[in-house]
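Asker: Take the given structure of chain A and dock chain B to it, following the hints.
Quick note, the sequences are listed as chains A and B, same order.
Residue numbers are given in this note's numbering: position 33 of the first sequence equals residue 33, and the series is strictly consecutive.
Residue numbers are given in this note's numbering: position 57 of the second sequence equals residue 57, and the series is strictly consecutive.
Bear in mind the hints are in silico, worked out from the structure with no lab data behind them.
Misleading hints may appear alongside valid ones.
List time: in silico SDA-like cross-link candidates among lysine to any residue, alpha-carbon distance up to 20 Å [what the hints assert, rightly or not]: (1) A:Lys-206 with B:Phe-88; (2) B:Lys-87 with A:Gly-209; (3) B:Lys-112 with A:Ile-3; (4) B:Lys-72 with A:Thr-372; (5) B:Lys-143 with A:Glu-205; (6) B:Lys-72 with A:Tyr-369; (7) A:Lys-370 with B:Glu-75; (8) B:Lys-79 with A:Glu-212; (9) B:Lys-87 with A:Gln-287; (10) B:Lys-111 with A:Arg-9; (11) B:Lys-111 with A:Ile-3; (12) B:Lys-111 with A:Gly-227; (13) B:Lys-87 with A:Gly-227; (14) A:Lys-371 with B:Ser-57; (15) A:Lys-371 with B:Thr-46; (16) A:Lys-370 with B:Thr-59; (17) B:Lys-79 with A:Pro-218; (18) B:Lys-111 with A:Ile-4; (19) B:Lys-62 with B:Gln-28.
Facing chain A, a subset of chain B residues (Cβ under 7 Å, in silico) [unchecked claim]: (20) Ile-55; (21) Lys-79; (22) Phe-102.
Keep in mind the model is a prediction, meaning the values are calculated, not measured.
Quick reminder that beta carbons are idealized off the backbone N, C-alpha and C, glycines included.
Each chain, written out:
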Amino acid sequence: MNIILYIIRKEFKQIFRNKGMLPIIFILPVLQLVILSNAATYEIKNIQFGYVDADNSSTSRGLIEQFEASTYFNVSEKFPSDKEASQAMQEGAIDAYLNIPVHFERDLQKDKTKALGVIIDAIDGSAAGVINVYITQIIQHYNKTIVTDLVQVSDMAQQPDSIDSIPLFWYNQTLNYKTFMVPGILVLLVTMITLFLSGMNIVREKEIGTLEQINVTPIRKHHFIIGKLFPFWVLGMGLLTIGLILAKVIFNTPMLGNLGLLYAYTSVYILVILGMGLFISNFTDTQQQAMFIAWFFVVIFILMSGLFTPIESMPKWAQLLTEFNPIKYFVEIIRMVMLKGSGFTDIFPLAIKTLVYAIIMNGLAVWSYKKTS
Amino acid sequence: MKNKNVIEVENLSKLFGDFAAVNNISFQVKAGEIFGFLGANGAGKTTAMKMLIGISSPTSGKATVAGFDVYKEAESIKKNIGYMSQKFALYDDLTVKENITFFGGIYGLSKKQIDQKRCELVEELGLKEVTNSLVASLPLGWKQKLAFSVSLLHEPKIVFLDEPTGGVDPITRRQFWEMIYKAAHNGTTIFVTTHYMDEAEYCDRVSIMVNGKIEALDTPKKLKEHYKTDTMNDVFLKLARG
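Bound-form chain A, shown alone (with noise of 0.2 Å):
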């Protein structure tokens, strides 16, 4: 125990005297929460919207008001035609534009049906699917207020009442993306610095050759991992806290559940990251290699942990493989905790396959650490 002890406060005195590591440990993840939090969103705002009008009535002329009148769109430019428009859209000028036919104005009075051209930039396929729904709902909700003007009143009442559908979003009613955000990216934080760290801790050893000295001291190999890992569980809750407190005070996330329970959670998740950085440092003799093992399986797990796309909408092969990605664990996890205030009992399934993950991660550390090569 007391061989565990000198182990750790050699490391925190080791971590804390590295000038140049310092601020990546503390600063970065801080700076990376404020930008990521708010660039990353899926929010569609801002759509550069053009059209081309060739009717040119106060029917169109209503149209094109409605567009200015949303937030979403930043109506930029009439064209003279179908081509001007475009070639903008070539350019990327405008996301999308509308093409407003000749007597649509006449023919929507008389047929009380027109055509009319969307056209919609579809590199990003969902951003095209939501500028689609943005402008259908603003179309429609136009051509109700034409419906109202031309029909008269007796006909009125023999028209069925529209059903109307009232959607409640739960758990996050203003669709605040942020707070849906943070706390995903809360956990990509935790996991990046401690996953890095901890796989260079000891590939660095191994590189300026302390490694070799520790190997021929008695030194148990569990008393060392153990003292050895200690220190980045510790910088893992420290971070954690960080993150927390900063997702409070500037983004004001709400935190509906248990924080004991998110902490006991994130201790046994460390471990597993632990374990990794361990296994991947016996693995690896310098920290180039071990920095680059760790970055593919970073880049693999947080694309595919739901933090940015939903898991659901992968391919049925691609959830099979998130079963076994940990930051899908954490950031289920965290989300369900801090934004449904979701207890012991609903986390369990998942807190128990973490547990089981460090314990055979952990494991597999210990065990392909070799004293004797």
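Answerer: Showing chain B alone in chain A's frame:
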């Protein structure tokens, strides 16, 4: 006591693929001896030493160190030996005091023992002024002397020194050997590799390794007689050149 073997090696080999880095070597080292382990670069000294200190498994052969088997009892060997590697292996980003405390600690010394050892050691090496300086700021010679003293902290039966004086000035080298003599005088067996032939003369016995084999093993005096030369340098050149 003096004639008891503390290291016994019999037909020890280490293969890396087809290449025999250490090829069937046999020798004994007696308690309290200063044993010089010489050889050109790449002759297999470090590989052989690593097997004896329990951080590399031999391919074949037998070896015991301090009475423990290198295959099965490597961890028991480690309790009884000190080691100072070619690479400087204290922590540069810790102070002299912190290094001593750390290594004393992981060898399982009590706090009291560590404090006592540290005072002695700092006094002896004249490091009083720099106890709280980072080791990185010390000159190489001081670092090497410190590393040697740290390897003796837990009073090992045998200490293995892998080119301890590489890159160090002649005065410091001299002081270093005085330390080695002192440790040997206190009953510690010294197993040392070196490239300095004047240092070889200081050893009780030396072995000379060539291409993974031990080509000669005797006292410096007898070796010089046998090869009809005046210096160990010439003995070495004759052997190493084949």
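Asker: Which hints, by number, does the structure contradict?
Answerer: Of the numbered hints, just 13 does not hold.
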